[in-house]
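Engineer: Each chain is listed here by its residues.
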Amino acid sequence: MDTRSTILSDTTPDREVAAIRARGLVKRFGGLTAVDGIDLDVPRGMIFAILGPNGAGKTTLMRMLATLTRPDAGTATVMGHDILTAPAAVRGAIAMTGQFASLDEDLTGRENLVFLARLWGFGGRAAGRRADDLLAAFELTEARHRQVKDYSGGMRRRLDIAASLVVTPGVLFLDEPTTGLDPTARQRVWRMIRHLAQSGVTVLLTTQYLEEADQLARRIAVIDHGRKIAEGTSRELKAATGSGFLQVALADPGALDRAAALLEEHLAAPVQRSPEGARLSVMARTPEAASAALSALVAAGIALEDFAMGAPSLEDVFFALTGAAGPPPEEVA
Amino acid sequence: MTDLTPANLQPMPRPPRPSALSNALTFGWRAVLKFRHVPEQLFDLVMTPLMFTLLFTFVFGGALAGSTRDYLQFFLPGILVQTVAFNAVYSGMGLSTDLGKGLFDRFRSLPIWPLAPFAGLVVGDLLRHLIAGGIILGIGLVLGYRPDAGLPGVVAAFLLLLAIGFGIGWVFIVLGLLIRTPTTVMTLGFTVLFPVVFASNIMVQPDTMPDWLRAFVEVNPISLMTTAMRGLMAGTATLPQVGLALLAPVLLTGVLAPVTLWLYRRT
Chain A
0 MDTRSTILSD TTPDREVAAI RARGLVKRFG GLTAVDGIDL DVPRGMIFAI
50 LGPNGAGKTT LMRMLATLTR PDAGTATVMG HDILTAPAAV RGAIAMTGQF
100 ASLDEDLTGR ENLVFLARLW GFGGRAAGRR ADDLLAAFEL TEARHRQVKD
150 YSGGMRRRLD IAASLVVTPG VLFLDEPTTG LDPTARQRVW RMIRHLAQSG
200 VTVLLTTQYL EEADQLARRI AVIDHGRKIA EGTSRELKAA TGSGFLQVAL
250 ADPGALDRAA ALLEEHLAAP VQRSPEGARL SVMARTPEAA SAALSALVAA
300 GIALEDFAMG APSLEDVFFA LTGAAGPPPE EVA
Chain B
0 MTDLTPANLQ PMPRPPRPSA LSNALTFGWR AVLKFRHVPE QLFDLVMTPL
50 MFTLLFTFVF GGALAGSTRD YLQFFLPGIL VQTVAFNAVY SGMGLSTDLG
100 KGLFDRFRSL PIWPLAPFAG LVVGDLLRHL IAGGIILGIG LVLGYRPDAG
150 LPGVVAAFLL LLAIGFGIGW VFIVLGLLIR TPTTVMTLGF TVLFPVVFAS
200 NIMVQPDTMP DWLRAFVEVN PISLMTTAMR GLMAGTATLP QVGLALLAPV
250 LLTGVLAPVT LWLYRRT
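Those protein sequences? They're chains A and B, same order as listed. Following numbering that gives the first Met the number 0, the residues of the first sequence are numbered contiguously, the last one being 332. Following numbering that gives the first Met the number 0, the residues of the second sequence are numbered contiguously, the last one being 266.
To be clear, the hints were calculated from the coordinates, so they are not data collected in a lab. Note that the Cβ used here is the ideal one computed from N, Cα and C, for glycine as well. Each hint can be trusted.
Only pairs whose alpha carbons sit at most 27 Å apart, straight line, appear in this in silico DSS-like list of lysine-lysine:
hint: 1; chain 1: B; residue 1: 100; chain 2: A; residue 2: 148
hint: 2; chain 1: B; residue 1: 100; chain 2: B; residue 2: 33
hint: 3; chain 1: B; residue 1: 33; chain 2: A; residue 2: 148
Here are the computed distance ranges between Cβ atoms for each label pair:
hint: 4; chain 1: A; residue 1: 149; chain 2: B; residue 2: 260; range: 31 to 37 Å
hint: 5; chain 1: A; residue 1: 149; chain 2: B; residue 2: 242; range: 47 to 53 Å
hint: 6; chain 1: A; residue 1: 226; chain 2: B; residue 2: 180; range: 31 to 37 Å
hint: 7; chain 1: B; residue 1: 180; chain 2: A; residue 2: 310; range: 45 to 51 Å
hint: 8; chain 1: B; residue 1: 99; chain 2: A; residue 2: 22; range: 29 to 35 Å
Throw the hints in and build the complete structure from the sequences for me.
Structural biologist: Given below as structure tokens:
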């Protein structure tokens, strides 16, 4: 790892500074405030997720940090370089994989990487070697001589991420790295992101998938309507919502109202209903409280088909924080 | 999946920051590669001027100039100018396509010379002009066109042609940056180019045109370029003719290259 530390010191004035430090970032588009005063501290070598629904301001925030969009207010440093006064230094220390594959579809996978390697200053042969290494690392060796337009979605994503690693960046920005991928392809990309973080790269990723943030990130910032509404580890965010959720399925859907009232009374928390399955879910502060509430249902003669006690999913956390009524929109924005 | 071989992802020493020229050459290399992978783009470039050459020569040639051969002699240098102007539209479309795909976001987040991506476009354009111009000239020679100034005249004319293509190229680079729909770039491009190309001396001398139109045709930069091209190929070009032909390309470059940079950096 000695090599790495020398490289980091090449690109950063001070090894102790955070990978990303943002204060009060604001970006407006006409009348719309896309990012409304966000602070962010991302330590080095961490996978940090920005979680939020479509239109929350995730991409805009990332584009400002990557010097692609100029903030209207606020300041930020990336690897110690100011995004406003030293954008060129920031660009030298980062790599970004945007939401849409930033590849040349007409060229082959290998040519795309050689092209970028040359732009970074590798000589002809060194550029070829670097391309081959990356292709091998991302399991694209067999497809290297195919044009990118013939790649599958997962292959494109992998090549796109590989293209961001031609020179090891201090910070890698990944904007919705797995949007539109099937579960297998998604798992592969996740594994590659984890490997990257292990090799010392700081990763800032945006996602609208709660599972993705939960799986990958050491810390998560939840943003909505351009504001950060919570930040912490996955565990901390869940803990903030309570110890867990009690879910019950009733044998008789007609007893739904009575059951909901009893649960609310015993657990002092709002009850979520899913009418189609005669299911109720409610936050319970302790397992004992949940157990007592279940006993009350049984005592009242309400037959249960099933019950489960689970830690809150990030989904529950997200809804608890944003107060959103329904699941986040599915479409890709 | 086998494992992501961590050895391949080990951070490696960074190469020294490359020069602006090296960046530009790399983009030029990409343009050449695209030629290899998408040779069919040549078809688009050559078909229109080819149809024009054949139709005008054989349909109108006799009526306009007495014989098809005389007309070809008159027409060919001008159709080269038209070819280059139309080619520039395709280049603008290509840029608009690239921008829509996020490719330029990557370029913009790289520490490279900001104009390098455009240098690459220009290299690709010049190559296209050269190939398309060469094909049209070749067909002209087969049909009986004879450049009186011989090879030196043709070389000089092609150098002027490249300068013209370089200058006009900026117009469509700017349009490509402004307009996010490639087909709109094409429609707009041809809407502007058709009148400018037709209201010139490419197809006919303006003698029989109404005065107002003739006044326009005589100062139309396309006419000035065509006159100089004819002169160079025939060996009769004067310095003022060439100078006037270069006026528009020089002005376009001087004004639009900085505009391009500004549009590109604008966020």
